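Undergrad: For the record, the sequence lines run as chains A and B. Each residue of the first sequence is one higher than the one before, counting from 747 in the working numbering. Each residue of the second sequence is one higher than the one before, counting from 172 in the working numbering.
It should be emphasised that the hints constitute simulated quantities derived from the structure, not laboratory data. Just so it is clear, the structure is predicted and the values come from calculations on it, not from any experiment. Just so you know, even glycine gets a beta-carbon here, dropped at the ideal spot from N, CA and C. Misleading hints may appear alongside valid ones.
[Unchecked claim] Sample of chain A residues with no beta-carbon within 10 Å of chain B, all distances over it, derived:
1. Glu991
2. Glu1029
3. Gly1046
4. Phe1048
5. Leu1076
6. Arg1106
7. Val1111
8. Leu1115
9. Leu1174
10. Asp1330
11. Pro1332
12. Ile1418
[Unchecked claim] Derived pair list, reagent style PhoX-like, types lysine-lysine, alpha-carbon separation capped at 20 Å:
13. B:Lys227 with B:Lys177
14. A:Lys1180 with A:Lys1011
15. A:Lys1011 with A:Lys1165
16. B:Lys178 with A:Lys1021
17. A:Lys1021 with B:Lys236
18. A:Lys1023 with B:Lys227
19. A:Lys1179 with A:Lys954
20. A:Lys1052 with B:Lys248
21. A:Lys1139 with A:Lys1023
22. A:Lys949 with A:Lys967
23. B:Lys227 with B:Lys178
24. B:Lys246 with B:Lys191
25. A:Lys1180 with A:Lys1148
26. A:Lys1206 with A:Lys957
27. A:Lys751 with A:Lys855
28. B:Lys236 with A:Lys1139
29. B:Lys203 with A:Lys1052
30. A:Lys1011 with A:Lys1157
31. A:Lys1139 with B:Lys202
32. B:Lys202 with A:Lys1023
33. A:Lys987 with A:Lys868
34. A:Lys868 with A:Lys878
35. A:Lys987 with A:Lys1052
36. A:Lys1023 with B:Lys236
37. A:Lys1139 with B:Lys191
38. A:Lys1155 with A:Lys1021
39. A:Lys1104 with B:Lys177
40. A:Lys1139 with B:Lys207
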Amino acid sequence: MKIEKVSVRNFGIIADIDLDISAKEGSLVFLNGRNGRGKTTFQSALRWCFYGDEPAPAKFLSSWALNNAQIGDTLTTRVEAEIMMDTVGTTAVIERTQLFQKTETTSPKRMGQPQLTVKIRKSAAGSLTDIKADPEMWVQSFFPKRLINFFLFDGEMMKNFFDLKVKGAVENAVREIAGVDRFDNIAQNFAAAETQLNRKIAKLTGAKAEKVNIQLEAQQKLLVEIFLEWKTLSDQLAVNKVRSEEISTILEGLEGQADAAERLKYLDAEEADYKNKLTRAEEEFQSEILTNGTNSLLVGAFPELKNQVARAKKEDWLPPPFEPARIERLIEDGKCICGAHLSPGDDSTKALQTLIEKHRVSSGVGKVLDQMSRQIDLVEIALQQGWRIIQDKNVSIMQISKDIARVQKEKERLLEVMKGSDVTEIRLLVEEKKNLDKERERLVTTTAILLGQNESQTFKVETLQKELAQATEGNKEAELLQHEAKWAREISEAAGNIHQSAIKQVRQRLQESFTEKFSVIKKGKFITEISNDFEVKTLNEFGHETELSEGEKMMKAYIFAIALREVINLGFPLVVDTPFGRLDSPNRAELAKMLSKFLEDEVTNSNRQAFFLMQDTEYTPYTRKYFEKLNPIEAYLAKDEEFENIKSDLGYGIDPDWLLYESWKDWADGKIG
Amino acid sequence: MSGVVKKTKRLALSWDQDFKPNLGDLEFHLKKNTEKNRISNLDLFMLCLGIGFEAKQKRPTPPRKTDAVRLADIKEKTIAIWQAIAVSDTGNPEVLLDEDLVFDIIEQYAAAGLMILSVEMENRPDFAGWLSGKLYKQSEQVAKTK
């Protein structure tokens, strides 16, 4: 693939050039120029044309064109490259344009999007056909964007190429060459699909169905228990009803005897109750009679006592007590309370002593009588109370006895009514019916409760059955999903394997090609290794990473770029800005030697092309000598005499301006052979 | 009693030993009538005393066995009744100045009462009814007198 023509309009400093090398022999092109003449702009124009990478706004629309336009004028930036695609004459014309409009401000107004046009001509004699379908895709297929760094690059950065962004660039290149992105995407997409399927499976399956089933079994068991209990009670209720009806029929036939029997039962209880009361009343009556009667037997003693008390009162025996000891103290003191003097043996003293003797006994008896009479009064009161109690009890006994007689009479009457019937049997029937009625009430209540429980339980069971059905359905779905997940995993693994395998192959081919080419240059046993993480290492014969000179590093980058082109089998030209960078003379000489030797094989004997964009300190007469045998096409970008700072023009050969200075002057003067 | 009263050294009264064996039967009849769980010694002694005093019969003072009523537990009202009997028996209130004299007298009446009841128990088929009727009438009579 060779670039035969490049037309640039209104792009940065290049306002209007047409590089046409179609008629020239050789595949090595030196496009020279001093600083600021548009070498980098030329490369930038190609980059925009092929890849759509726009330069900075200030370097996009040409200042010259803008200056020459009127406000409101439309300006077109255009880059067109005509490329010989193969040796049979297929030609492609790639053109990218962008419209601008000059405004009152310093910045032009962009009008619409850049437009890409690709036209193909199958032979030199054929006409151009517009690729309308998808020109971007067409360009991408021949000039993959991910390989941009290996076709359009800056020599200034070459020596550091493998130390800087190269890993990502190499990886991108390898991927692009291997064409495995779709497999990687497939692997990733199917892995994601598998993850998603596994999530769904986890939701659908697992312990849920089992758990629901256990709950369902428990609830079903409970439901059965409730039903059985209800059935038992219902049976009991039916039996109860039948028996109750039987009894009712029997009792109806006895015409009121059942009521009589019932009444008799109550009368029996009433009689028993009265008899108990009677017994208690009689016991209390007898107890009171014993106490009161006993005391009454002794009442005969009381009249004499009362006589004696009366006598004592009369004779003043009773209290206030006579106190002999006090009178004796008066005698001892010799003085009476009346003031009389008392002497032993005198009349007053004797009289007092006689008084003491007389009252000593009577006063003692009087005290006792006094206390006794009080107690006897209480006894008499108690006797009266006791008698009233006896009378009350007697009345009670009589009343209770009357009640008992009444009850007994009523019983006799009822027995007369029931004469000829078995009272006991009737009573038992009545009792049984009562019990049956009571039991039926309980059974009805319980069965109603059980029915309610049954309904609630049935609802629970139905709910669980639905849940179980869903869970089981989930399991079925999960089984299908598991198959899908398995397929997804297999496809993912297969795609991954293809991806890895393809990358491995490309890496291997790159390694082989690189090693071969580098060995030619270095004539040593160097091996190139591209690691799994796309690091490009140069190893010596002992397998150790070797140190390379600055020139060797740059050469390594060139060779890698060329090896890539070989592996990918695309022939896009190598366009290198400042290919020697800041190398010193020995390194530049060494690189020039290596490049010329390398390009001799790679360029002259193939349909490939190399563009080197250089200034006069890189492309010297001495450098030129290394490439002379390759018959390079020389062109240059020079200042426009009229618009020196904003427009460059194109010329072929050596820039005459160069011949005025230093080595090129010597060369022009014939001093350099 | 006053300081002039001669105190007894007895701790309890005594039954007449000749009829004491009948006390069990007497207790049985009284229990039967009243359905009481227990007829006390005092109940029995007072009944015998009442029967003996009502009949104006006495027996010789029983030998001191202290097998009847315990004196420590006797209420003042009961003592007053006993003293009234002693005064009635002697016609002299000075009997009250000697506790033993009082207790001798009531033991004598109680002994006679026990003897009477023993005979009645032996002779009357419905002893309990007879006794109840007798006591009822006595109560009624006393009440009417008042």
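Undergrad: Can you list which hints this structure breaks, lowest number first?
TA: 2, 3, 4, 6, 7, 8, 13, 16, 17, 18, 19, 22, 23, 24, 25, 27, 28, 29, 33, 35, 36, 37
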